[in-house]
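Spelled out from the first residue to the last, the chains are:
2 protein chains.
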Amino acid sequence: MRAASYSTDGIKPIIYNKISTTGQNQPVFTRLLDLIRSVWQDNLKVEMIILASAGPLDPKTGYIYDAPNIPGWKDFPLGEKLHKEFGIPVIVGNDANLAALGEWKFGSGKGHHDLIYMTLSTGIGGGIICNDQLVEGAFGLAGELGHITVLPDGPTCSCGKQGHLEAISSGQGIVQYVDQMLMQGESSILSTSKELNAWEVAKAAETGDELAIKAFSRAGFYLGLALASIIHIFNPSIIILGGGVSKSGALIIDPMIEKMKVEIMDKSYLENLEIVTTKLGDEVGLLGALVLGRQKLQIE
Amino acid sequence: MRAASYSTDGIKPIIYNKISTTGQNQPVFTRLLDLIRSVWQDNLKVEMIILASAGPLDPKTGYIYDAPNIPGWKDFPLGEKLHKEFGIPVIVGNDANLAALGEWKFGSGKGHHDLIYMTLSTGIGGGIICNDQLVEGAFGLAGELGHITVLPDGPTCSCGKQGHLEAISSGQGIVQYVDQMLMQGESSILSTSKELNAWEVAKAAETGDELAIKAFSRAGFYLGLALASIIHIFNPSIIILGGGVSKSGALIIDPMIEKMKVEIMDKSYLENLEIVTTKLGDEVGLLGALVLGRQKLQIE
Numbered sequence: 327m328r329a330a331s332y333s334t335d336g337i338k339p340i341i342y343n344k345i346s347t348t349g350q351n352q353p354v355f356t357r358l359l360d361l362i363r364s365v366w367q368d369n370l371k372v373e374m375i376i377l378a379s380a381g382p383l384d385p386k387t388g389y390i391y392d393a394p395n396i397p398g399w400k401d402f403p404l405g406e407k408l409h410k411e412f413g414i415p416v417i418v419g420n421d422a423n424l425a426a427l428g429e430w431k432f433g434s435g436k437g438h439h440d441l442i443y444m445t446l447s448t449g450i451g452g453g454i455i456c457n458d459q460l461v462e463g464a465f466g467l468a469g470e471l472g473h474i475t476v477l478p479d480g481p482t483c484s485c486g487k488q489g490h491l492e493a494i495s496s497g498q499g500i501v502q503y504v505d506q507m508l509m510q511g512e513s514s515i516l517s518t519s520k521e522l523n524a525w526e527v528a529k530a531a532e533t534g535d536e537l538a539i540k541a542f543s544r545a546g547f548y549l550g551l552a553l554a555s556i557i558h559i560f561n562p563s564i565i566i567l568g569g570g571v572s573k574s575g576a577l578i579i580d581p582m583i584e585k586m587k588v589e590i591m592d593k594s595y596l597e598n599l600e601i602v603t604t605k606l607g608d609e610v611g612l613l614g615a616l617v618l619g620r621q622k623l624q625i626e
Numbered sequence: 327m328r329a330a331s332y333s334t335d336g337i338k339p340i341i342y343n344k345i346s347t348t349g350q351n352q353p354v355f356t357r358l359l360d361l362i363r364s365v366w367q368d369n370l371k372v373e374m375i376i377l378a379s380a381g382p383l384d385p386k387t388g389y390i391y392d393a394p395n396i397p398g399w400k401d402f403p404l405g406e407k408l409h410k411e412f413g414i415p416v417i418v419g420n421d422a423n424l425a426a427l428g429e430w431k432f433g434s435g436k437g438h439h440d441l442i443y444m445t446l447s448t449g450i451g452g453g454i455i456c457n458d459q460l461v462e463g464a465f466g467l468a469g470e471l472g473h474i475t476v477l478p479d480g481p482t483c484s485c486g487k488q489g490h491l492e493a494i495s496s497g498q499g500i501v502q503y504v505d506q507m508l509m510q511g512e513s514s515i516l517s518t519s520k521e522l523n524a525w526e527v528a529k530a531a532e533t534g535d536e537l538a539i540k541a542f543s544r545a546g547f548y549l550g551l552a553l554a555s556i557i558h559i560f561n562p563s564i565i566i567l568g569g570g571v572s573k574s575g576a577l578i579i580d581p582m583i584e585k586m587k588v589e590i591m592d593k594s595y596l597e598n599l600e601i602v603t604t605k606l607g608d609e610v611g612l613l614g615a616l617v618l619g620r621q622k623l624q625i626e
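Taken in order, these protein sequences are the chains called A and B.
Note that our numbering has the first sequence beginning at 327, numbered continuously upward.
Note that our numbering has the second sequence beginning at 327, numbered continuously upward.
Hints listed in this document are in silico derivations from the structure and should not be mistaken for laboratory results.
Hints are supplied without guarantee of correctness; some may be wrong.
Since the list can't tell identical chains apart, any single copy or any two copies may satisfy a pair.
Claimed, not checked - Straight-line distance between alpha carbons at most 25 Å, and here's what the computed DSS-like set of lysine-lysine pairs gives:
1. Lys344 x Lys371
2. Lys338 x Lys622
3. Lys520 x Lys410
4. Lys386 x Lys593
5. Lys587 x Lys400
For clarity, every value in this text was computed on a predicted model and none was experimentally measured.
So that you can see chain A by itself, here it is in the shape it has in the complex (with noise of 0.2 Å):
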């Protein structure tokens, strides 16, 4: 996880640190602590903690509901634990909704009013911007773009339910698609002998292996389709990718764009739409979480 202190303007940290979110036996929170500490300027008044999280979570308390990779982080009122340990406004936002206000604000999506961002990641997160707006929702729960049913009776989703975007064009969704295949006697350079990740079957599909290029032309034909509906809901001037996915590049995107034009309905949401994938990398969290406390602060 990474920390940084800002100042009112600008983007560039003041302090800035990064450590690995788990390790040496300690509770993720009491790492967070420290790392807070790590970034806290003492002779500058601190005027606000804002983070970006896993969720679901309840922006309008910093409540988590549930971070699958974080032990203990389920039910766990992360708000008011960091706001009785510091004492100054704690805000806890969806870590791909932040993602999408930094785009928005500094990214990419510089000058766009509605923007779709979606990161490919070993699930799939989204963040939506309209009319200049994020789109939390009545709850903070909005934004799931990764648990949109694209194949009704398909593979089960990290969430329990059937045929999600995410259980099939994720990592995660990527590797138990060739998991299962190489079950099946698919001859392949991979091996369901150690575990896989979606980086060994990019690394085995640029090898031109088979069995890796379909995996990902199925997540790319599935991310496409789910995109066309997207597209046809938002109408959004921009799209943007990010997340360790996206890096696969056009393993993943030209089997994406070409099965998006087939299922749009009308060329016009194409022609001033942009598909991009992400400059901002892996600061868009920290950047995001920036804007948004600025406009909290009603700094801008």
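Using the hints, position chain B against chain A.
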């Protein structure tokens, strides 16, 4: 079509008129001009004309790309032509979008900040309010909730693509399914001897006709599937269903709710979600146009 003149406050029309859209060998545009003149109050200053039209259209210019049910309204500069005729500002909005605005301001959506409106009619239209603002998208083409893919390779939609919600759960989708099943020899009190409509299928279902019941169940099933995705994307606090097909009530609503509950990934999405049918009825478009006009005139 309907027209009304309103004062700057209140929702009771000063003059109201309603005529059939086509007839007497006159072009629709001529009939529209007459209709507008019929509600024009000569002794009062008319500030603005606001129209709710079938789309897709460009709400910035009032240009109709294609209104499939109106002969000649393809690439039709409706806003410009009306402005030339009457010399005052003209705004043209997508009918389902304006219905959402009407419901939000005066109907079941009052007090809600995040609202989904869906009209189930011959086709399926949508209107979305997020953060108290209408979601129009970058070029006014947003809100096409009928054109979400719910069944890849499913039946062909009015837009030409496969497996959209509209192709299955609209009035036309229901009728096409019945026709197809009759052609395959399923028994029913309905027959292909005359052109069916969804209302007749609903009547047959009420007498216990199994095919008719199945057609509505199928429509409700995919509607529930689509709504689950929509809820994951928007986390609304209310969903309002309008249009003729929604009047079939439990026939379509019960299977819809059942499927939706199965597909929602976390019960927190449903805990404070209302699902209702419209109470504003056929006047909802007029009221939505009124809201939009007052917003543009900054009266409220």
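Enumerated hints in conflict with the structure, sorted upward: 3
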